[in-house]
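Chains A, B and C are the protein sequences, given in the same order. Heads up: the first sequence runs through residues 1 to 203, numbered per this note's numbering. Heads up: the second sequence runs through residues 1 to 203, numbered per this note's numbering. Heads up: the third sequence runs through residues 1 to 203, numbered per this note's numbering.
You may find that some hints are simply not true.
Given that identical chains are not distinguished, each listed pair holds provided it fits within a single copy or across any two copies.
DSSO-like cross-link-like pairs, simulated, lysine-lysine; straight-line CA separation at most 30 Å [claimed, not checked]: (1) Lys80 <-> Lys25; (2) Lys80 <-> Lys191; (3) Lys59 <-> Lys164; (4) Lys191 <-> Lys24; (5) Lys59 <-> Lys80; (6) Lys189 <-> Lys80; (7) Lys164 <-> Lys24; (8) Lys24 <-> Lys189; (9) Lys24 <-> Lys80; (10) Lys168 <-> Lys24.
FYI, nobody ran anything at the bench for these hints, they're computed from the structure.
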Amino acid sequence: MFYTIDILGTIAFAISGVLVAIDKKMDLFGILIIAFVTAVGGGTLRDILIGETPVSWMKDITFTYVIIASTVLAILLRSKINYLRTSLFLFDTIGIGLYTLIGIEKGLNAGLHPIICIALGTITASFGGVIRDILCNEIPVVFRKEIYATACILGGVTYFLLIKLPIKSNLVFIIAGIVVIVTRLLAVKFKIALPTIYSHNKN
Amino acid sequence: MFYTIDILGTIAFAISGVLVAIDKKMDLFGILIIAFVTAVGGGTLRDILIGETPVSWMKDITFTYVIIASTVLAILLRSKINYLRTSLFLFDTIGIGLYTLIGIEKGLNAGLHPIICIALGTITASFGGVIRDILCNEIPVVFRKEIYATACILGGVTYFLLIKLPIKSNLVFIIAGIVVIVTRLLAVKFKIALPTIYSHNKN
Amino acid sequence: MFYTIDILGTIAFAISGVLVAIDKKMDLFGILIIAFVTAVGGGTLRDILIGETPVSWMKDITFTYVIIASTVLAILLRSKINYLRTSLFLFDTIGIGLYTLIGIEKGLNAGLHPIICIALGTITASFGGVIRDILCNEIPVVFRKEIYATACILGGVTYFLLIKLPIKSNLVFIIAGIVVIVTRLLAVKFKIALPTIYSHNKN
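Kindly produce the complete structure, drawing on both the sequences and the hints.
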């Protein structure tokens, strides 16, 4: 099941990359690279930081196929993609829930401190978008008005609070993932953003 | 012979970095760093992704000397560098042919899938320029109107098609390199660009 | 003592990140990430290039605490931070002296050429700022008008000149660090910048 979620998340991330790259008038190669980077960038940075190389997308060709197929479809159906925005948003949100936990698990396997594990989870879930925005010459959106990373951190904290209790680790995994997903959904529904420190809250 | 080509490619890449950095009014240190990053950035990213560290330019000081010397010469002769543009373009093109194949070979040695090997070859040949453009606060030119990466990919595909035939691997290597070089030369000569998906083809 | 300097440098780097991020109107998460990246970015890139992973800040949680605390304090006291600019500048300068030498030492331990070691030292001291500026969508300031990197290089050269003489290595370490610090202080005091190659020296 986790593998299926991983694939769905990859599709959603890749398509979000395609949409940004089209906005920037990139050519086909540029669009494909941005799709790729958005989908695998976070996991790649995580793997590099902990030294787990070759990085994971290089060892499982499935992700490459999924990203190429998603990119082609997104380009062909780009005029109709608005109808899919809700599904894509759901895939994306479920994806970050899973990615956060994959990052945490890899951190634990590397023997790292819980706070560092949460950082790794957040990196896995959010740095694909950061690298996408840097390549597109934008200040990363996640730094400006997204509750994205906060959802990952909350999920990570939940994981480490529950894992000490006598609960099955699989269940803890699922609950923590749901915390990420629900936080993100509620934040978007009620337009909650992180507080800014500026006098005008709209920025 | 491959080593000589590698050096020529490094010179061409370094000088292309110097020219962009001068355009951006950088100081001497900035120019040197951009030259360096353009020349070794692709190979560095490749080595990091597959975990072959310390990365290769750190293990052979020759490249550092070549880059420093190229940078100094390019700065001194910058008003005359236009006369060299054809030679530089040839060095650059031969360089990407070689870099593509070095990347593929390193991927094979790491036991990776052919498609991943082609990706590694393309990264080796093109990401020096990508990192250069990011440091100079530009959207990478390779994503917008270059046939650059496509030439690498075609060369890579040629390699994997021919390597299955009863041809000496050295010869396959050379043919695949020539495919990269010829594709790039033809593309520039006939101003072929990747198709864009936008209604106005000039972007 | 070196550990204390490392902490002071981390504080100064983190605060410099906070100030840039506030300028860019980032939200709390963005500010924290920029503080983090500025403080540990250089050492992280160094560790990745030589393959010393997990990277160092992941193995010592102290730095994470220090960066979070510095960020919170810098945000709360941001209107008064001007009074601290001199202290922060001193911390920062002492920090780069130390970071340069840590980079050199790690290069030596990895068996690298002295010039590569100096490059590693300079990367450790200056690339946190480079990554900060890239994330904030600016051309890195260190490439345009800072004597920063030059100070690191001079300190590195001093180290390798003195280490051959019959001087205790601890003393060489300290002298080289002082060279970095004094170069930077003098450069700022007398507004020395690297020569540019452009006809108008103000850029």
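If the cutoff is 30 Å on CA atoms, where do Lys24 and Lys189 land: within, between, both or neither? Let me know, please.
both (28 Å within a copy, 26 Å between copies)
Measure nothing new, just compare the shortest in-copy and cross-copy C-alpha distances for Lys164 and Lys24 to 30 Å and report within, between, both or neither.
Result: close neither inside a copy nor across copies, 47 Å intra and 40 Å inter.
Since the copies are identical, ignore which copy is meant and state whether Lys168 and Lys24 lie within 30 Å (CA to CA) inside a copy, between copies, both or neither.
neither (46 Å within a copy, 44 Å between copies)
Treating 30 Å as the Cα threshold, decide for Lys59 and Lys164: within, between, both or neither.
between (33 Å within a copy, 22 Å between copies)
What label fits Lys189 with Lys80 when the C-alpha limit is 30 Å: within, between, both, or neither?
within (23 Å within a copy, 37 Å between copies)
With identical chains, the pair Lys24 and Lys80 could be close in the same copy or across copies; at 30 Å between alpha carbons, which is it: within, between, both, or neither?
Only inside one copy: Lys24 and Lys80 sit 19 Å apart there, 35 Å across copies, limit 30 Å.
Within, between, both or neither, where Lys80 and Lys191 count as close if Cα-Cα is 30 Å or less:
Within one copy only: 25 Å inside, 32 Å across.
Can you give me the call for Lys59 and Lys80, within, between, both or neither, at a CA distance of at most 30 Å?
Cα proximity of Lys59 and Lys80: none, with 33 Å in one copy and 47 Å across.
Within, between, both or neither, where Lys191 and Lys24 count as close if Cα-Cα is 30 Å or less
both (26 Å within a copy, 22 Å between copies)
Checking an output row: Lys80 and Lys25, CA cutoff 30 Å. Within, between, both or neither?
Classified as within: same-chain Cα gap 18 Å, cross-chain 34 Å, threshold 30 Å.
Hint violations for this structure: numbers 5, 7, 10, all remaining hints satisfied.
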